[in-house]
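K.L.:
Make a model of the complete structure from these sequences and hints.
Numbers in our numbering are just positions in the sequence shown, counted from 1, shifted up by 782.
Read the hints as simulated data drawn from the structure, not as lab findings.
Watch out, some of these pointers could steer you wrong.
Straight line, CA to CA, 20 Å or less: simulated PhoX-like cross-link-like pairs of lysine-lysine [stated by the list, open to error]: (1) LYS826 - LYS956; (2) LYS826 - LYS847; (3) LYS963 - LYS826.
Bear in mind that the values here come from a model prediction, so they are computed numbers and not experimental data.
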Amino acid sequence: MHRFTRTAAALLIVDVQERLAAAMAPQRVERLVNRTLAAIDGAKALGLPIVVTEQYPRGLGPTVKAVAARLGPTFSPIEKLEFSALVPGVAERLAGRPTVLVTGMETHVCVFQTVRALSAHGLTPYLAVDAVLSRDEVDHRVGLGLCADEGAVHTTVEAALFDALERAGGPEFKAVSAAVK
Numbered sequence: 783m784h785r786f787t788r789t790a791a792a793l794l795i796v797d798v799q800e801r802l803a804a805a806m807a808p809q810r811v812e813r814l815v816n817r818t819l820a821a822i823d824g825a826k827a828l829g830l831p832i833v834v835t836e837q838y839p840r841g842l843g844p845t846v847k848a849v850a851a852r853l854g855p856t857f858s859p860i861e862k863l864e865f866s867a868l869v870p871g872v873a874e875r876l877a878g879r880p881t882v883l884v885t886g887m888e889t890h891v892c893v894f895q896t897v898r899a900l901s902a903h904g905l906t907p908y909l910a911v912d913a914v915l916s917r918d919e920v921d922h923r924v925g926l927g928l929c930a931d932e933g934a935v936h937t938t939v940e941a942a943l944f945d946a947l948e949r950a951g952g953p954e955f956k957a958v959s960a961a962v963k
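P.N.:
So, in structure tokens, the structure goes:
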């Protein structure tokens, strides 16, 4: 049985970068960015660690401006060349958090290889299907299937955040509700 809890979870944002986003359908990128912003706001409200990677930023550019701005002035992405985002700096920041909500680009490459690595290391990846994207729809669908085959729990940003929240009422509920609108 799977449960996404605030004491065990973290948010991992994989390679949501300017030049990569520019190669994708604008409406789909807008949805991914909006859902990623909701994940960030919800994670902050619930006290979840947030880890961000950038794949070869010299070539693919920095993290999308709206995402970087939401993360705030202390935002410090982990640069990587590996397709999997489970590189040493990420693994250190995820220490003690066995469940990981994964968002990012591209579903069939870096997201899939990250999910596979998380599973191989005994962590439970929760794939936010509304916050992952590939340039091509076929690659995206195949990537979702590959992630499921590797043990990813398919969820949405809203479903994961409310699972971690557990109950209505109070300031955290209001913050998470506002985040997912």
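K.L.:
Against each hint, give a clear statement of whether it holds in the structure.
P.N.:
Right, here's what the structure says about each hint:
Between the alpha carbons of LYS826 and LYS956 the distance comes to roughly 13 Å, so the proposed pair stays at or under 20 Å and holds. Restraint check for LYS826 and LYS847: satisfied, since their Cα atoms lie roughly 18 Å apart, inside the 20 Å limit. With a C-alpha separation of about 16 Å, the suggested pairing of LYS963 with LYS826 holds against the 20 Å cut-off.
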